[in-house]
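A.B. asks: Chain by chain, the residues:
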Amino acid sequence: MKPNTDLSVDFCGVKFKNPFLLSSSPVANSAEMIGRAFDAGWAGVAYKTIAGDKVKIVHPSPRMAGYDSGSQRLIGLQNVEQISDRSLTDNMRDIAYLKKHWPDHPIIASIMGFSGPEWVQLAKAATDAGADLLELNLSCPHMAVEGSGHKVGQNEDLVRHFTQLVRDATPIPVLVKLTPNITDMTVPAMYAKAGGADGIAAINTVRAIAGLQLDTLVPTLNVFGRGAISGYSGPAVKPIGLRFIADMAKHPELHLPLSGMGGIETWIDALEYLLLGASTIQVTTGIIHYGYGIVEDLIEGLSDYMDAHGIKRVADLVGSALPHLGDTDAFDISRQGVAQYDLDHCVGCGQCYTVCRDAGGQALAWDSATRRPQLTEDKCLSCMICSFVCPVEGLINFKEMPTGWQREECVTLG
Amino acid sequence: MNSLTPDQAMPQGLTHAQAVAEAERCLLCVDAPCSKACPADTDPGRFIRKFRMKNVLGAVRTIKEANILGGACGVLCPTEQLCEGACCAAGLGKPVRIGELQRFLVEYGWKHGFDPLGTPEPTGPAVAVVGSGPAGLACAADLAQAGYRVTIFEARERAGGVLAFGVPEYRFSAAFLASELADVARLGVEIRCSSPIDRTHGVQKLLEDGFKAVFLGIGCWDPVRLDPEGPVVPGVLPSMSFLSALRSGREAEVAAFIKGKTVAVLGGGSVAMDCIGAAARLGAEDIYLVYRRSWVEMPTMAEERLEALKLGAHFLLLSRPVGYAVNESGKLNGLRIMRTRLEAKAEGRRKPVDLPGSEYTLEVDCVIEAFSARPDAASPSWYPGVKVDAGGLVVVDPATGATTVPGVYAGGDLVNGPDLIVDAVRDGKRAAKAIQEFLAGSGK
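Chains as they are written, first to last, in our numbering: chain L, 848 to 1261; chain H, 47 to 490.
Rather than coming from a laboratory, the hints here were simulated on the basis of the structure. Honestly, I wouldn't trust all of these hints.
Stated by the list, open to error - In silico SDA-like cross-links for lysine to any residue, where the CA-CA straight-line distance does not exceed 25 angstroms:
1. Lys82/H to Gly1195/L
2. Lys100/H to Gly917/L
3. Lys307/H to Leu355/H
4. Lys140/H to Leu355/H
5. Lys100/H to Ala1083/L
6. Lys157/H to Asp915/L
Predicted model, so just to flag it, every value in this text is computed and none were measured.
Construct the complete structure from the given sequences, taking the supplied hints into account.
C.D. replies: What follows is the structure, encoded as structure tokens:
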């Protein structure tokens, strides 16, 4: 049976029919693209960052480089994408067009000023064009100029200052998009709150080098012989994004709605962000890899999950995993366990033996006649690396040992 | 025939991306069963791990150090009976396509101009290798790597033995063989073509000429015939003549023999499948395979048999070819066939017995006999003193490949009868090791 789950969310007082939005990026570059995304099922959009027309934006070429792991393509994506290279007028016309034709699909206008007056001008223009929310881009990782992009996000006073200017210039909700290229995101988030922000969007991309071209020694992506540290996204950064969202969601004083992003491709990724405190989900790299159509799977997967768990509203999911998250010193280390082997379906590759011998507790022996591992439980560190390399699903599991069980000490030579 | 149109050229190997994806299926086994299953010690467990770790050149080196014919084996080995038959990934569904990975890596080396073995300084004594087939090439390559001066004497005008004359181009191209032979030549091995040995220029002469040891790898080129005593029947060819003519610039002549004709191929082995493939490509109207046992007893990979079926061949199983029918002018017009049944399983394969009264004649225009083969009947006189068995096969010490004449070694089909290329490679390597020990002991 296909559930008819209500996935709608209220985010900063704006209703979205589901939590899935395009994030501010090349996937949200024009009304033509965004309209197709809405038709595919995306609930809203963070429109690609709009600037004033003072500086002509020209993109480096090429713009992006993929990061693969073996034959798995695009586990990461490095880009030197800039803010919108379209004129302010064209962008405003496109926003108005979208509002006219898809009135139920909220538009979050991402803006970036290079001066106080420009922030105010952009906020007013976007509001006038019909934007439902604003997202202040204080986190673009490609800005080399002080007072712009991630340089703002790394300076709490500027975060508060620009947020305040925009807050005073528009009646619509204001989100601040923050950079992960910082130790503690809750600090600028609190300054954004102090400046009047209604919500936080995170994470922007992680500054990175995806690799080198060994023949030219030019780091990727290679723009005619030059590389640069630039924004990195995709599944590889999801664990980092989840961490920053959880940090902010757990903060005792922040209490702002969070729009989570970073490496989301599947409904499970999205659900993880929701459970750790995000109440809307933004996607770019997943669309760069697979196109807008994945929203069907996000919607269906989340609906089935909620239906199976009797959850009526997305809001009931938001942050519900946080009580289980604490510091490492809260672990009960009096309880211990070991790996447990069910060898019925073992194919006899012995990868478990190799990794236990060279990276674990030397708890496995190898029977070369039967091609099966033999576990000495008392030596097992419960690192579980054997289970990560085992090609048979469910063969190796964690098992708790009885109270009082003691692990054998590591052998000392000499 | 209403069947698929076969590629005339040897199919391309895996692309780099396909090879990466295939290698990811490898379980990186401890004490890898695939490696143990390779007669030539080509060590897939090691070369696939190297490839996975992006140590691509190292992977090529591992293959070529162990098996100078790593490319040929990758293409031609019945891998389902060897490395892939032992692959643990089969427990998850299907084995890793090891043969294809091996081929990919060897071709990667060629494509990138990689010289995995270098050119060793020839400081050791001279050794003669007779025959440039898989056994001879493998023996020569190992000896050259150890610093011996090796000369291969090849009777035919081109090197490669069965690789050059016994396999159709669409399965194993001349260009592919040329690259593999270049790897042997780069080691400093000299290959003298059109240089047959015979009674007067035999093994003894080679030893007198200064070669300190001799390896015999001249193979089996004398076909077993259906009716060895009977008259020559126009329209009947041994597989060896058929396939080698195709590799000797006589394609047009052979095509005229086959095109539009009804052809019967006799036998159930890999060579029979090659003959079907070649005949289909030459435009045979109908192809019958006539085999006295059943499908499961056929000594060739299931994949090859299925390929023959896809080409439209009609398999007449449990059918023993008895003899030929000819017209007034003595030309072939039919194949007499006796139906058989299989006896209950005793030792080895089930034995076919005739069903009395079941004989019938199948109308055919030509027949290709793809039975076994033996060494040339005259060959023992080329190596006097070397013990041969009743079938003319050379008798060797299985541990060393040594014949009954000191300093004379043998391997490959000449010793085993028609067998796998990889087994010939194993024999060549085994003899190379024994020759080094022999020469070290006799004061190298």
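A.B. asks: List, from low to high, the hint numbers that the structure doesn't satisfy.
C.D. replies: Hint check: nothing fails, all pass.
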